[in-house]
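Trainee: The listed protein sequences derive, respectively, from chains X and D.
The first sequence runs contiguously to residue 470 in the numbering used here.
The second sequence runs contiguously to residue 1200 in the numbering used here.
Incorrect hints may appear among the rest.
[Claimed, not checked] Stretches of chain X that chain D covers, calculated by requiring three or more beta carbons in the stretch to come under 8 Å of a beta carbon on chain D:
1) 18-25
2) 30-41
3) 70-79
4) 184-191
5) 434-441
6) 450-459
Just so you know, the hints here were simulated from the structure itself, not pulled from any lab data.
Beta carbons: idealized from backbone N, C-alpha and C, even for Gly.
Spelled out, the chains give:
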Amino acid sequence: MAPKTIFEKIWDSHLVHAESGKPALLYVDLHLVHEVTSAQAFDGLRLNNRKVRRTDLTLAVADHNVPTDDRSRRDVVLKDEVSKAQLDALDRNAKQFGLTYYDMYSENQGIVHVIGPELGRTQPGMVIVCGDSHTSTHGAFGSLAFGIGTSEVEHVLATQCLLQNKPKTMEVRVNGKLPAGVTAKDIVLAIIGKIGTGGGTGYAIEYTGEAIRGLSMEGRMTVCNMSIEAGARAGMVAPDQRTFDYLKGRRFAPQGEAWDAAVARWKQLPSDPGAQYDKVVEIDASTLVPHVTWGTNPGQVLPVTGKVPSPSDYKTAIERDSAERALAYMGLKPGTPIQDIKIDRVFIGSCTNSRIEDLRAAAAVAKGRKVASTVRAMVVPGSTHIKHQAEQEGLDRVFREAGFEWREAGCSMCLGMNPDTLSPGERSASTSNRNFEGRQGKGGRTHLVSPAMAAAAAIAGHFVDIRNWN
Amino acid sequence: MDPFKKHTGLVLPMDRAGVDTDQIIPAVFLKKIDRVGFGELLFHSWRYLPNGQPNPDFILNKPQYKGATVMVAGDNFGCGSSREHAPWALQQYGFRAIIAPSFADIFRNNCYQNGLLPVVLPDDAVQTLMSRALEIPNYRITVDLENTTVSDDHGFSVRFPVDAFAREKLLNGWDDIAMTLTKADAITKYERTHVPARGA
C-alpha cells in the first residue's frame, strides 16, 4: 500500500460515502458547540422537525459572550441583555435537544478549544468540528479538526456527518531546537510571516520536525490554533508519547483495557515514511527570535529586534496599500523600533495562549515586579479548571501582586464580545490570534505576542526582548 | 436556499486585499440569535463614523454605488473567523456575487450554503473589473453560473472555474441536509462498523 500521511489516514477512515466529482461525506466524532454560531442552526432543526443525531458526540459550552468578572453569585444577572439572550438560547437548545452543556457557572466551563483537550474529549484520530475557525487547535492531538459555518453546524447536528472537499496537504517542517525565550507562538507567527495569511488556503497542514516534537501539548495547541491565520482550516501534529501522557487519566479519555487499545490504535496514525505532501515548507527554529505583529493581520509580523516597515519596502502595489492602511490604523511611523512602541493594555488569554503553561510563563516574568503605571493588564484563564490549577500553584497571587487583574474563564478580549474591550486608540499586547482592525474593540490596536512577551510588555510599558529579561 | 442562475448588477469596487470577516461584520454584532437584520451592519466600522453617521469616504456610501449587487475585491477575501453572519450580511445588504482572485475556505463554503456566489478570477481580470467599476458610471456586469462566465457590455467576457457539484447545487437551490439524509443507511452502517471501535 502506498504510504499515507496522518491526514489521509484520518480522512479515509471517516468516509461514510464517496462519489467521484462530489464532496465526501465525512463522519464527525466530536462536535463542539458554543453560543455564537449555533442558535440559527438549532432553529433550522426545529423548522424541519429534525433531531440531533448523536447527542453523545456533541458538547456545548458558553465561552464567547461570558463576562470574566466575579461569578460567585448566580442571581447577578448579565448586564448585557443581548449576550444574555444568546447564552439563554444555548441553554434552552441544549435542554430541548438533550445535549451536555457547560454554562458559565459549570466547573467544566472554558473556551471550547481549551476544554475539549482538558476533559479528554479531544483524542487522536478523530474528526472534530465546531462553528469556530480556531477548531484547528485540536489537531495538536493528531486529530483532523476544522471550523465550519452555522449551516454546516446544523448539518452535523442533524446527520453527524459533513460534506467536504478533500484539501491538499502541506508539511511545515520546523527543524532544529528553539532558543531560550522563543516559544510556540513565535514559531507560528514566523510561519504565517513566511507563507502569508493566504499561504495555507486549501491545505491541511501537518507540523513536523524536531522543534515541534520538542513542544509540550500546550505549545502544539498554540501552533495548530493559528493555522487558520495562514488560511489553513486544519493543522495537525502526529501523536506521540507526550500526547498519550497528556490524555491519560483525563475525565473522558479511555480507561483500563480500552486505554491500551486506544494507544495501540493511535500509534498507527503518524504519517508513513515516504508519504508525499502536496507542498513542503521548512523553517529553522534555531534562528528564530521572539515575534511581534505590527500591522492589522497576523502576517504583518516582525522579530522584536525589528523596526516598523515602510510601505516602500514592499514589492507589489497591493502589499504597499495594505501596509499604508495598517500603519495609519495602528498609528505607527515607519522605522520605529518595535521596542519603542508603548502599550496601554495587556491581555493574556484566548484559545491560543491561556493554558496552564502559558500562565506559568507569564507569571515567571511578572513575579516580584509591577505592571507599569500606564498599563492595564488582565489575565483570563482558558478554563475554570485552569483557573483553579493556577490558584493552587499560587500564580493568581503572583499576578495580583504585580498588578494584573485575575479573571474568570472565557474568550474575553480576544474578540471583545463581552465587556472586555479596547477603547478607540488603545494599544494592546495580546496573546490572542488576530490583530484585525477593531478585533478587540472598535479603534483598538492589537499587537500579537507570546505570554512571556506580553507579561514583560506589561511591566516595561513597551515591548521588550524577553531574551534580555532578567 | 434560493437558486443562483444568472445575475446582472451594479459593481462595487472594494479595492483592498485581505478583507477579513471582522470587517465584514464585527463580532459585537454576532449576538443576535436569528438570521435577519445583518445588512445594515455590513462593514460597520468602515461604513459609519464614531457619531453613527455614514462615512462619506467609504466606497459603499458613495451615491454612485448605491444598489450595487456585485462586489469586486482583492485576494484572500473573507479571511478570519467562521462566522456565517459574514455572507448573511453581504447578502442581506443586497450582494449576489463576490469576485476576487482568492477567497478564504470557510467563507467560501458559507457563501455556497446561502446562494451567494464567490467567483474566482485571475488578478488581471479582477483589475480590469475594478478599474471599470471605478471609471465607468453605472458599470454593470453579468455573472452567469449556467455558462460560468462573467461579462459586461464593453467587451469583457471570461470563464470562471467552479466546483461542478457546488454549481449544480446553486443552480438548483439544493439543501445539503436533505441530500445527506438520503444516505441515512450508509451513516447508520458506518456507525455500527466504525464508531464503537474508536471508543468515541
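Trainee: Can you take a look at whether the segment 30-41 of chain X is actually covered by chain D? Rule is 3+ residues, C-beta closer than 8 Å.
Mentor: Contact hint for the segment 30-41 of chain X vs chain D: holds, 5 residues under 8 Å.
Trainee: Quick check: do three or more residues in the segment 18-25 of chain X have a beta carbon closer than 8 Å to a beta carbon of chain D?
Mentor: Check passed, 4 qualifying residues.
Trainee: Apply the coverage criterion to the segment 184-191 of chain X and chain D: a residue qualifies when its Cβ sits closer than 8 Å to a Cβ of the chain, and three qualifying residues are needed.
Mentor: violated (count 0)
Trainee: Would you check chain D against the segment 450-459 of chain X, counting CB to CB pairs closer than 8 Å, and say if three or more residues qualify?
Mentor: violated (count 0)
Trainee: Mind checking, does the segment 70-79 of chain X have 3 or more residues with a CB under 8 Å from chain D?
Mentor: violated (count 0)
Trainee: State whether the coverage of the segment 434-441 of chain X by chain D holds or is violated, taking the criterion as 3 or more residues with Cβ-Cβ distances under 8 Å.
Mentor: holds (count 5)
Of the numbered hints listed earlier, those contradicted by the structure are 3, 4 and 6.
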